[in-house]
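> These are the residues of each chain, in order.
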Amino acid sequence: MSYVIEGKTGPWEIVVGLEVHAQVISQSKLFSGASTKFGGDPNTQVSLVDAAFPGMLPVINKECVAQAIRTGLGLNAQINLFSRFDRKNYFYADLPQGYQISQFEHPIIGKGSIEIELQSGETRQIGITRLHLEQDAGKLLHDQDPTKSFVDLNRASVALMEIVSEPDIREPEEAGAYLRKLRQILRYLGTCDGNMEEGSMRADVNVSVRKAGEPFRTRCEIKNVNSIRFVMQAIEVEATRQIEIWENGGEVDQETRLFDPGRGETRTMRSKEDAHDYRYFPDPDLLPLVVEQAWVDELKSKLPELPDAKRARFQKDYGIPSYDAGVLVAEQAVADFYETVAKRRDGKLAASWVIGDLFAALNRTSNTIETSPVSAASLGKMLDLIADGTINGKIAKEVFEDMVETGDSPDAIVERKGLRQVTDTGVIDAAIAAILEKHADKVAEYRGGKDKLFGFFVGQVMKETKGKANPALVNSALKAQLDG
Amino acid sequence: MSLDLATTRRIAKLARIGLEEHELEATRQKLNGILGWIDQLAEVDVEGVPPMVGTETETLRQREDKVTDGNCRDALLACAPETSGPFYTVPKVVE
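Chain order of the listed sequences is A and B.
Heads up: the first sequence begins at 0 in numbering that gives the first Met the number 0, then just goes up one per residue.
Heads up: the second sequence begins at 0 in numbering that gives the first Met the number 0, then just goes up one per residue.
Rather than coming from a laboratory, the hints here were simulated on the basis of the structure.
If you're wondering where the values come from, they're calculated on a predicted model, not measured in any experiment.
Among the hints, a few may not be true.
[Claimed, not checked] Footprint (simulated), chain B over chain A, 3 or more residues, beta carbon under 8 Å:
no., region
1, 18–27
2, 30–38
3, 146–153
[Unchecked claim] Cβ-to-Cβ under 7 Å is the rule here; a few derived chain A residues that face chain B:
no., residue
4, Pro41
5, Val45
6, Asn60
7, Asp276
Glycine included, every Cβ here is placed at the ideal spot set by N, Cα and C.
Model the full assembly from the supplied sequences, consistent with the hints where possible.
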């Protein structure tokens, strides 16, 4: 079953743990009242606290604490009613204080877990070690001047959740599945937008290798990988590098490395040589963070339905297969759209229209579910028209394309184009009579035993009625006339 | 607790304090003096007493999530030794 990398000395197993930095969704920063909005003018969203002016004191943002607790609840994790902030000391130009306020010994969230699903359909539990709150650093720009780096502190002190996994991941695919699932949960909870391109979710990847059955060997940490694809690549590249070192009789050094996707290699980050000596100590500016169980309970009672629960409910309530339910809950907006369409209607039919025709149309017109030219209510109305026999399934495709193009309601389109299904047996009988007369030779062949021609007649009659005839009525009337 | 020269050198480096070789021994002795004085605390038996993190008995004060601050770039940058346009500038630090 398991993923291994073949070395000269046999197969190697990989051991991976992920540290994800997720930017908390809040209006203002973790310890100041400055705005967190993305893309503001440089250094306009900075308070004296963020710029570390002497005597400024941090005051914690209650909403950021709530967001961390919501996330902990979403990860089925232990909520620590007592937690504390520590100073993590290091010097860097993007960190005005000379230390980052973080939580070291007493994080706000303890052990939890995430269930991931692999392509094979197999599921696995990946343990969460902890989640803690900390402040982000500022941003450095290196390409503005030959000798200077430019500093923008807009991001400094924005709240981050560092979410640390257990070293439970055994293959690149699992790392990808873990990140996607984590991002999905964060988005459902509304605690982080999960946007890796804008840097609101970033991953540090801890990689080591070992022979089956061995204890852990030395690991390396690959910093700040900014896409799921790169995380998966970096794991493979780094594991291969380590195997080569061990097999040549060397020793892997515990160090911080950078992944260079262009070259497909990792390299050591010299500036971080002393970085592990952070000299943590409790921040004397901040008292311990004590939260009431009652507040945790209140936050819990208001949590939205999470993807796993929603998926199970969709399967049960709408009778759709697990795979389809998984596709529909991948994004909350899609799940909401589907549910509006499916409610009190045929859930399977609704799923096939959303996953099939709607997704194809969104793709073709470069839209997302949020900007869909067809609203959930209109698509639902169209399903009603199929259900009550106003249009048949084939005509529905035409109506749907028109909806995509014009945004009109399905009934309006049916009226405008005269697409109402023909259920008048007189009209259908007349069409059949005309076709049978026109293809007298085929009728003879059919009666001579060439059963397969039945489909041909159906097709011709549908064509004659411009696709609007009720297919069930056509079938029975044709059968009666041909066989009768 | 007593520091050796190598540890003194390391602490200086982490704190970004440039010490000449001939200053190391004197610094080591000063730091050891401080540590020795602090070590007197070890005479108190605190077995079973939880660490005290502050003198107040209140818990952490929390703010509402509102934007109430910022938008003071000119004032901030006026205090900086070096700026360029809307940015602080520092000697180039690039990975």
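> Can Val45 (chain A) be said to touch chain B, with a Cβ gap under 7 Å?
holds, 6 Å
> Is the coverage entry for the region 146–153 of chain A by chain B consistent with the three-residue Cβ rule at 8 Å?
Coverage by chain B holds for the region 146–153 of chain A (7 residues, Cβ < 8 Å).
> Taking 8 Å as the C-beta cutoff, is the stated coverage of the region 30–38 of chain A by chain B satisfied by three or more residues?
Result for this restraint: holds, n = 4.
> With a cut-off of 7 Å, does the beta carbon of Asp276 (chain A) approach a beta carbon of chain B closely enough for the hint to hold?
Holds, because the Cβ-Cβ distance from Asp276 (chain A) to chain B comes to roughly 6 Å (cut-off 7 Å).
> Should the interface hint for Asn60 (chain A) be scored as holding, given a Cβ-Cβ cut-off of 7 Å against chain B?
Because about 5 Å separates Asn60 (chain A) from the closest Cβ in chain B, which is inside the 7 Å limit, the hint holds.
> Tell me if chain B covers the region 18–27 of chain A under the three-residue, 8 Å CB rule, please?
holds (count 3)
> For the restraint on Pro41 (chain A), tell me whether the closest CB of chain B is nearer than 7 Å.
holds, 4 Å
Taken one by one, the earlier hints all hold for this structure without exception.
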